[in-house]
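S.K.: Take a look at the letters that make up each chain.
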Amino acid sequence: MNKVTNINDAISTIKDGQTIMVGGFGVPGTPFMLIDALLQQGTRHLTLIKNEANEPHLGVSKLIEAGRVDRLITSHLGLNTTVLAMMNDKKIAVEFNPQGILVERIRCGGAGLIGFISDIGIDTVLSKHKQVITLNGQKGIVESALRADVAMIHAAVGDDLGNLVYEKSARNFNPAMATAADIVIAEVESIVNTGSLNPDAIHTPSAFVDHVVEIRELRDEYGILEHHVFT
Amino acid sequence: MNKVTNINDAISTIKDGQTIMVGGFGVPGTPFMLIDALLQQGTRHLTLIKNEANEPHLGVSKLIEAGRVDRLITSHLGLNTTVLAMMNDKKIAVEFNPQGILVERIRCGGAGLIGFISDIGIDTVLSKHKQVITLNGQKGIVESALRADVAMIHAAVGDDLGNLVYEKSARNFNPAMATAADIVIAEVESIVNTGSLNPDAIHTPSAFVDHVVEIRELRDEYGILEHHVFT
Amino acid sequence: MTKKRLTVSNARDKIARRAEKEIIAGQIVNLGIGIPTLILKYLDWEKRVQIHSENGILGMKSHCSRETADRNLIDAGGGYIDLVTGASFFDSSLSFSLVRGGRLDIAFLGALELSARGDLANWMIPGKYTPGIGGGMELAQKARRLIITTLHTNRKGQPKILESCTLPLTAKACVDRIITELSVIDVVDDQLKLVEIAEEATLEEIVEKTDAPLMVPDGELPRF
Amino acid sequence: MTKKRLTVSNARDKIARRAEKEIIAGQIVNLGIGIPTLILKYLDWEKRVQIHSENGILGMKSHCSRETADRNLIDAGGGYIDLVTGASFFDSSLSFSLVRGGRLDIAFLGALELSARGDLANWMIPGKYTPGIGGGMELAQKARRLIITTLHTNRKGQPKILESCTLPLTAKACVDRIITELSVIDVVDDQLKLVEIAEEATLEEIVEKTDAPLMVPDGELPRF
Chain A
52 MNKVTNINDA ISTIKDGQTI MVGGFGVPGT PFMLIDALLQ QGTRHLTLIK NEANEPHLGV
112 SKLIEAGRVD RLITSHLGLN TTVLAMMNDK KIAVEFNPQG ILVERIRCGG AGLIGFISDI
172 GIDTVLSKHK QVITLNGQKG IVESALRADV AMIHAAVGDD LGNLVYEKSA RNFNPAMATA
232 ADIVIAEVES IVNTGSLNPD AIHTPSAFVD HVVEIRELRD EYGILEHHVF T
Chain B
52 MNKVTNINDA ISTIKDGQTI MVGGFGVPGT PFMLIDALLQ QGTRHLTLIK NEANEPHLGV
112 SKLIEAGRVD RLITSHLGLN TTVLAMMNDK KIAVEFNPQG ILVERIRCGG AGLIGFISDI
172 GIDTVLSKHK QVITLNGQKG IVESALRADV AMIHAAVGDD LGNLVYEKSA RNFNPAMATA
232 ADIVIAEVES IVNTGSLNPD AIHTPSAFVD HVVEIRELRD EYGILEHHVF T
Chain C
827 MTKKRLTVSN ARDKIARRAE KEIIAGQIVN LGIGIPTLIL KYLDWEKRVQ IHSENGILGM
887 KSHCSRETAD RNLIDAGGGY IDLVTGASFF DSSLSFSLVR GGRLDIAFLG ALELSARGDL
947 ANWMIPGKYT PGIGGGMELA QKARRLIITT LHTNRKGQPK ILESCTLPLT AKACVDRIIT
1007 ELSVIDVVDD QLKLVEIAEE ATLEEIVEKT DAPLMVPDGE LPRF
Chain D
827 MTKKRLTVSN ARDKIARRAE KEIIAGQIVN LGIGIPTLIL KYLDWEKRVQ IHSENGILGM
887 KSHCSRETAD RNLIDAGGGY IDLVTGASFF DSSLSFSLVR GGRLDIAFLG ALELSARGDL
947 ANWMIPGKYT PGIGGGMELA QKARRLIITT LHTNRKGQPK ILESCTLPLT AKACVDRIIT
1007 ELSVIDVVDD QLKLVEIAEE ATLEEIVEKT DAPLMVPDGE LPRF
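Protein chains in written order, with my numbering: chain A, 52 to 282; chain B, 52 to 282; chain C, 827 to 1050; chain D, 827 to 1050.
Please keep in mind that the hints were generated in silico from the structure rather than gathered at the bench. Note that the coordinates shown come from a computational prediction; the quantities given were computed from them, not determined experimentally. A hint or two may mislead.
[What the hints assert, rightly or not] Subject to a maximum C-alpha distance of 30 Å in a straight line, what follows is the list of computed BS3-like cross-link-like pairs (lysine-lysine): (1) B:K181 - A:K179; (2) D:K1035 - D:K867; (3) A:K181 - B:K190; (4) A:K181 - D:K1035; (5) C:K847 - C:K954; (6) C:K847 - B:K181; (7) B:K181 - C:K1019; (8) D:K998 - A:K190; (9) C:K867 - C:K847; (10) D:K1035 - D:K887; (11) A:K181 - D:K998; (12) A:K179 - D:K1035; (13) B:K179 - C:K998; (14) A:K141 - A:K179; (15) B:K66 - B:K142; (16) A:K141 - D:K1035; (17) D:K954 - A:K142; (18) B:K141 - C:K954; (19) B:K113 - A:K179; (20) B:K179 - B:K190; (21) B:K179 - A:K181; (22) A:K141 - A:K113; (23) B:K141 - A:K181; (24) A:K142 - A:K66; (25) A:K66 - A:K113; (26) D:K887 - D:K954; (27) C:K1035 - B:K113; (28) B:K142 - A:K190; (29) B:K179 - A:K190; (30) C:K847 - B:K142; (31) A:K113 - D:K998; (32) C:K867 - B:K190; (33) B:K142 - B:K179; (34) C:K867 - C:K1035; (35) B:K113 - A:K190.
[As the list claims (entries may be wrong)] With beta-carbon atoms standing in for the labels, derived distance ranges: (36) D:A851 - A:T64: 50 to 58 Å; (37) C:E893 - A:M52: 52 to 60 Å; (38) A:L90 - B:G188: 27 to 35 Å.
Glycine included, every Cβ here is placed at the ideal spot set by N, Cα and C.
Produce the entire structure from the sequences given, and follow the hints as far as they go.
M.R.: As structure tokens, this is what we get:
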């Protein structure tokens, strides 16, 4: 089953109104090439699930700035004043989750579960409007699983079956999202022969991946952000 | 922080009446040496959490046969007629879980969560005596998190900080259990210099491991079970 | 017309051979213990099928010899195995995310009892056989397609396919297709529909050995 | 007695330097954005401390130069970093298992407001500052020890330590110790207890700039 395909075929599976998960935490692990293809395709009314909104004019922020995203489920937008302003102007609906609860909800969806129970935020505004139950004497918030129609993820290496290996801090949300969508599109920096990855060191097994797209050229946005060099 | 210690010091942290998780699925990943040390120490009234009970006279079955285990939380005992007979004679209390629910409860404890909601077993006897709730219109059983006082696990390679790498099907329950106990004791087949493991290929990061014990000699029980060679 | 009777061993092989035809190229498949595992014997590897094993393997091939057995490499049934190219290992948690998350195209399982609406009972006989649950419940509930491979009757010659199951259920309304040495039966809209008849079987025999209503389409049914 | 006043920059450094003393050899530590990150500047690496970053790193060292920056290696604040020997990478899910599962010995965080019983507010000012939550809530609730490093007063010179917080809470009763440029204060049994006084501060100044009851032990307190 050769899952290597061209980017436009892969992205054409994404339709107006769908829910899309996008990997990445800052630049590392963000599938910039897939995001650009989705932008070009013109798909609208998306619900986006991503840790943050990248930074202005970068990554998913481009989709949001172009008005393609109705709703963003995220953890933190501290580095994106543009999207924060859009949120304040009600141009986009934003749902904030504690970061670990966000990834846990995604993993929960990927694990075919309905939800989980956590005490994170229990005595804060976060527990408003949520079901609170008691289990073995512990009070917890019921958090619902998150799934998406499509996940767009980034990996360092892939094979034609769809096995993936991530690199350093570019792993972040990608493995959880790879489990939690009906269709998973992975962009990879290089495709290697099937069988050449160490089976003990594969992060995402092939079963979770539907399309593998090779990045031909790592454009500038994949590089170092000069304003994040602190010494 | 050098976590390499001798086996008796590590095992001496285990006290009568505690709950102990033991890694392994069949022979692969079962910490036979730690189990034997616990047997020798004579600790009693244990609650054991393990996928299965190994086979008669092997691994945790030795602890159970010696009457050290009051309660077993497990998935399947099909290969251990001795423990099944003890269960039928009420010499040990056994709680069965679907295999994936068992590991999920362990992971849930390791993730610092209270429980999760699943539809596995929803219309069967398994939903009796359990809380059933509705979330977003889906009915699910509330499953509680499992944690242990001590986890005994097996890895192929470790370093002195406690980073672990598992091999092939010997991974199984070990990584989840490594997150879900107050004290984690890992036996490893070899200890390598810290820094020599690829940081992208470490399965259990050092933070989760308290004691590392090196296996001096892989005794027979770690070897091939002749009656499982099928061709 | 008298029909040749199959031995139990031949019957099991016949079921496994027929079951193999269900697998489409590139699918992710889990094979339960018993007849399902026999499917490996007949599997066309040109299909690049990925066999999943609950203990954390995708891409197992088949049981291997003593010489090539690896002490760290067994399937969920305990047998030593070898691998296909592109196999991967993972922990039990991710293994069941694969199952429950809907990435398993087909699970093949055995049965103690089956009901007309596709209920499956295969994990316990109260007071007699209570070995635990294992991964069967999750496979039955969550595989995209659940195919039961089983002898048509139990050791006493009694039907396994019943109006309703009498044993504790593994999962309700989970079965898509039943393959026995006598027939292939689909569960469609809570009803059983005969779709193929074994070369060795007659319609009368199938109806007699099935203790539930069976829809029989008009015309000649395919033989296998 | 007139005291030398610290510049804001010097005050931040002083807090970071004092906070570093809290870390015991071999501990797993998470450093929030702001003053907590400054602790790296003063960290004694002989302690073999493991710094955790929420985005999936254990064993980060410090911010690195343009020359050694790796596009795939940033901390949770976005800065390029280098690593200590024995570092590991993992996904965000395991990263928060580490936090919520109780494997984090200390989290250092900043604060907007703190209450007498150890409540922390540091994530939003309704209508003004609503950037989201990030990992702070889980760090605050689940680190074995939560140490707040903050200037004693806000930009307007108003106390940050109050009888009760007025802003939405990050977590209730989570703070163990507060380190400011003026003092070290512990939360003990829902009360604030002064434990150290800065060389540059007086008891009167601390009491004046703290808008909550402060237990002051008899005798001379250690200076820092």
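S.K.: So, for every hint listed, does it hold in this structure?
M.R.: Evaluated hints:
1. B:K181 - A:K179: holds, 26 Å
2. D:K1035 - D:K867: holds, 28 Å
3. A:K181 - B:K190: holds, 16 Å
4. A:K181 - D:K1035: It is violated: about 38 Å lies between the C-alpha atoms, which goes past 30 Å.
5. C:K847 - C:K954: violated, 35 Å
6. C:K847 - B:K181: violated, 41 Å
7. B:K181 - C:K1019: violated, 36 Å
8. D:K998 - A:K190: The hint holds at about 14 Å.
9. C:K867 - C:K847: holds, 13 Å
10. D:K1035 - D:K887: violated, 35 Å
11. A:K181 - D:K998: holds, 18 Å
12. A:K179 - D:K1035: Violated. A:K179 to D:K1035 sits at ~33 Å, over the 30 Å cutoff.
13. B:K179 - C:K998: Distance ~15 Å between B:K179 and C:K998 Cα, so the pair holds.
14. A:K141 - A:K179: OK: A:K141 and A:K179 at ~21 Å, within 30 Å.
15. B:K66 - B:K142: Roughly 21 Å between the alpha carbons, so the hint for B:K66 and B:K142 holds.
16. A:K141 - D:K1035: violated, 39 Å
17. D:K954 - A:K142: holds, 17 Å
18. B:K141 - C:K954: holds, 15 Å
19. B:K113 - A:K179: Measuring from Cα to Cα gives roughly 51 Å; hence the hint is violated.
20. B:K179 - B:K190: Holds. B:K179 to B:K190 sits at ~14 Å (cutoff 30 Å).
21. B:K179 - A:K181: holds, 26 Å
22. A:K141 - A:K113: Holds, at roughly 17 Å.
23. B:K141 - A:K181: Roughly 43 Å separates the two Cα atoms, so the pair is violated.
24. A:K142 - A:K66: Given pair A:K142, A:K66 holds - Cα atoms ~21 Å apart, limit 30 Å.
25. A:K66 - A:K113: Given pair A:K66, A:K113 holds - Cα atoms ~18 Å apart, limit 30 Å.
26. D:K887 - D:K954: At roughly 34 Å apart (the allowed maximum being 30 Å), D:K954 and D:K887 break the hint.
27. C:K1035 - B:K113: violated, 45 Å
28. B:K142 - A:K190: With Cα atoms ~35 Å apart, B:K142 and A:K190 exceed 30 Å; violated.
29. B:K179 - A:K190: Between B:K179 and A:K190 the Cα gap is close to 22 Å, so the pair holds against 30 Å.
30. C:K847 - B:K142: violated, 47 Å
31. A:K113 - D:K998: Violated, because 37 Å separates the two Cα atoms, which is more than 30 Å.
32. C:K867 - B:K190: The hint is violated at about 40 Å.
33. B:K142 - B:K179: The given pair, whose Cα atoms are some 24 Å apart, holds under the 30 Å limit.
34. C:K867 - C:K1035: Holds, because 28 Å separates the two Cα atoms, which is no more than 30 Å.
35. B:K113 - A:K190: violated, 39 Å
36. D:A851 - A:T64: 50 to 58 Å: With Cβ atoms ~52 Å apart, the hint holds.
37. C:E893 - A:M52: 52 to 60 Å: For C:E893 and A:M52 the Cβ distance comes to about 31 Å; the hint is violated.
38. A:L90 - B:G188: 27 to 35 Å: Distance hint for A:L90, B:G188 holds at roughly 34 Å.
The earlier numbered hints that this structure contradicts are 4, 5, 6, 7, 10, 12, 16, 19, 23, 26, 27, 28, 30, 31, 32, 35, 37.
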